[in-house]
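*Asks:* Sequence:
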Amino acid sequence: MSTVPRLRFAPSPTGYLHIGGARTALFNWLYARRYGGTFILRIEDTDQGRSTPESLQAILDALGWLGIDWDEGPGKEGKAGPYFQTKRLDTYREHAEQLIRAGHAYRCYCTPEEIRARRAAVEKASGEGTYKYEGTCRNRTDAPAGMPSVVRFKMPSGPGTVVLQDKVLGTISKEYSDLDDAVLLRGDGIPLYNFGCVIDDHLMDMTLVGRGQEHVNSTFPQLMLYRAFGWTPPEMAHFPLILGPNREKLSKRKHPEADVMLHKQTGILPEALLNFVVRLGWSHGDDEVISREQMKEWFDFDHVGSVSGVWNPEKLLWVNQQWLKQLDPAVVAARLVPFLEAKGFRVWEDGRRLARLVEALRARARTLQEMAEMAGYFFSDGVVVDEKAAQKHLGAESKAVLAEVRAALEAAGGWTASGLDEVVKQVSEKLKVGMGKVAQPVRVAVTGNTASPGIGETLELVGREQALKRIDAALARA
RNA sequence: GUCCCCGUCGUCUAGAGGCCCAGGACGCUGGCCUUUCAAGCCGGUAACACGGGUUCGAAUCCCGUCGGGGACACCA
663 MSTVPRLRFA
673 PSPTGYLHIG
683 GARTALFNWL
693 YARRYGGTFI
703 LRIEDTDQGR
713 STPESLQAIL
723 DALGWLGIDW
733 DEGPGKEGKA
743 GPYFQTKRLD
753 TYREHAEQLI
763 RAGHAYRCYC
773 TPEEIRARRA
783 AVEKASGEGT
793 YKYEGTCRNR
803 TDAPAGMPSV
813 VRFKMPSGPG
823 TVVLQDKVLG
833 TISKEYSDLD
843 DAVLLRGDGI
853 PLYNFGCVID
863 DHLMDMTLVG
873 RGQEHVNSTF
883 PQLMLYRAFG
893 WTPPEMAHFP
903 LILGPNREKL
913 SKRKHPEADV
923 MLHKQTGILP
933 EALLNFVVRL
943 GWSHGDDEVI
953 SREQMKEWFD
963 FDHVGSVSGV
973 WNPEKLLWVN
983 QQWLKQLDPA
993 VVAARLVPFL
1003 EAKGFRVWED
1013 GRRLARLVEA
1023 LRARARTLQE
1033 MAEMAGYFFS
1043 DGVVVDEKAA
1053 QKHLGAESKA
1063 VLAEVRAALE
1073 AAGGWTASGL
1083 DEVVKQVSEK
1093 LKVGMGKVAQ
1103 PVRVAVTGNT
1113 ASPGIGETLE
1123 LVGREQALKR
1133 IDAALARA
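So the first sequence is numbered by our numbering: it starts at 663 and just counts up by one.
Just so you know, the hints here were simulated from the structure itself, not pulled from any lab data. Incorrect hints may appear among the rest.
What the hints assert, rightly or not - Dumping the calculated BS3-like pairs for lysine-lysine here, alpha-carbon to alpha-carbon at most 27 angstroms:
1) Lys836 with Lys816
2) Lys1131 with Lys1099
3) Lys1054 with Lys987
4) Lys987 with Lys926
5) Lys1054 with Lys1087
Claimed, not checked - Estimated spans, in silico, between C-beta atoms of each pair:
6) Val825 with Glu876: 19 to 25 angstroms
7) Glu876 with Thr748: 22 to 28 angstroms
8) Asp962 with Ala805: 49 to 55 angstroms
9) Asp709 with Asp840: 23 to 29 angstroms
10) Ser819 with Thr748: 29 to 35 angstroms
11) Leu924 with Gly892: 44 to 50 angstroms
12) Gln956 with Glu716: 31 to 37 angstroms
Glycine is no exception: its CB is placed at the ideal position from the N, C-alpha and C atoms.
Turn these sequences into a full structure, and let the hints steer you where they fit.
*Replies:* Put into structure tokens, the structure is as follows:
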């Protein structure tokens, strides 16, 4: 392989970036990165009605959050630009003309209303999706100049087959008779997807087009276009779909989890989302926790499966916790801060202390959101003690132990987890009672509940002043 | 309806004719560890859709059936 691979992701800015799109982008990006290729971001904004600048920004933001960067595209002009289809309209028009001159396309003067009516009639009789354009305008010469028209492709009418060599699905073919004269250019001169896509993929010099399986059928008319132009089509790879819990294609309408940025809000790490998503349809032996670097090193299409996969939220959560545990605590801490602030906590300035907090909570939380939820008692002034917990661990006997701990704590030299653990242990030895009898009352007094990180780290993070204050409050309870 | 793709534990998957009476992971579950809750460690649960071939031998190849999904626009 001597040519440099060129791959692209070509979203249309008609909503947020969804999971399926993110994975398509990821696969293409990984392949480009692995083989030293170029990754292009092309914006297919030809749907005037639905494309919005907000959507474009949302997609750019989501790709940025995931760490998927591009070499050519918005903000990175290159030789093959512009990268917005609406800025390439002349190009499409010229190519449509070229096709007409060559006899591979023609103007069709049927109005949308006429087509709609015919479609309705046919489908009423034979069922949905049975309508095919009849080719009425193929040889029409009586149309007055300036009459509104679209440009249609002229499908070969005899018997024949288009063959797709797909990098993941293998060989697939389609009979000419299953295709019809598709519209290339609309009445307003704006290209349809199948046309703009082919022109751009060729002109932008794509060597490989990877996209979701929902596009396999549309690649046949595209292949016909390449042939009509005399162009060599890029390699093709169609990825399995990602299905929702109801086993239908993950869609924005039915599945809120299809929104990439929703996961940022719920406290999923980009590393984890990427990890989870790359494993939907691709694998590397038994590896489960895979870093971006490893993906770039290992990814290839021969291990992309052809079976659609179901979104599994439980596993996403598990993967996320793995990343919570293996990323640098300081990095996780920085990402945790907004979640803490959202809960109204006065977040510590001390970065090291925050990192310690992450170390204490990361084995207990699966998301940043959960982490923030269980961090309340580290930031509050005083604490509300759960009644059941108090009943169990703050009885008269326990209070005597607690008083003993308080004295030892106050006398303690430093205020570090290991030292504090030692203090608690010594009290248990001195009083000849089990650690549970000592640590639990302290835990309830300091956190208000029966579950928390190790007693030493809990005390350290709560802080000396707060810890003593809360123990006093517990001791003073009736 | 027509065309296209797909079919290994509930889910994600390993598996490219003998290494598989099928391996890993999530989940569920038993135990260990333990000051709590987690985490961790050890174990268990559970699958080659079905029926025919081909072959000495099939989860792997072929055919059929059934099942699931996708596509059928002057959307992308």
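*Asks:* The structure should be examined with respect to each hint, and the outcome stated for every one.
*Replies:* Consistency of the hints with the structure:
1. Lys836 with Lys816: holds (16 angstroms)
2. Lys1131 with Lys1099: It holds: about 20 angstroms lies between the C-alpha atoms, which stays within 27 angstroms.
3. Lys1054 with Lys987: violated (32 angstroms)
4. Lys987 with Lys926: This hinted pair holds, its Cα atoms lying about 17 angstroms apart.
5. Lys1054 with Lys1087: It holds: about 21 angstroms lies between the C-alpha atoms, which stays within 27 angstroms.
6. Val825 with Glu876: 19 to 25 angstroms: holds (20 angstroms)
7. Glu876 with Thr748: 22 to 28 angstroms: For Glu876 and Thr748 the Cβ distance comes to about 23 angstroms; the hint holds.
8. Asp962 with Ala805: 49 to 55 angstroms: holds (52 angstroms)
9. Asp709 with Asp840: 23 to 29 angstroms: holds (26 angstroms)
10. Ser819 with Thr748: 29 to 35 angstroms: holds (34 angstroms)
11. Leu924 with Gly892: 44 to 50 angstroms: Since the Cβ atoms of Leu924 and Gly892 sit about 45 angstroms apart, the hinted range of 44 to 50 angstroms holds.
12. Gln956 with Glu716: 31 to 37 angstroms: Holds - the Cβ-Cβ distance for Gln956 and Glu716, about 35 angstroms, lies within 31 to 37 angstroms.
Of the numbered hints given earlier, the model fails hint 3 alone.
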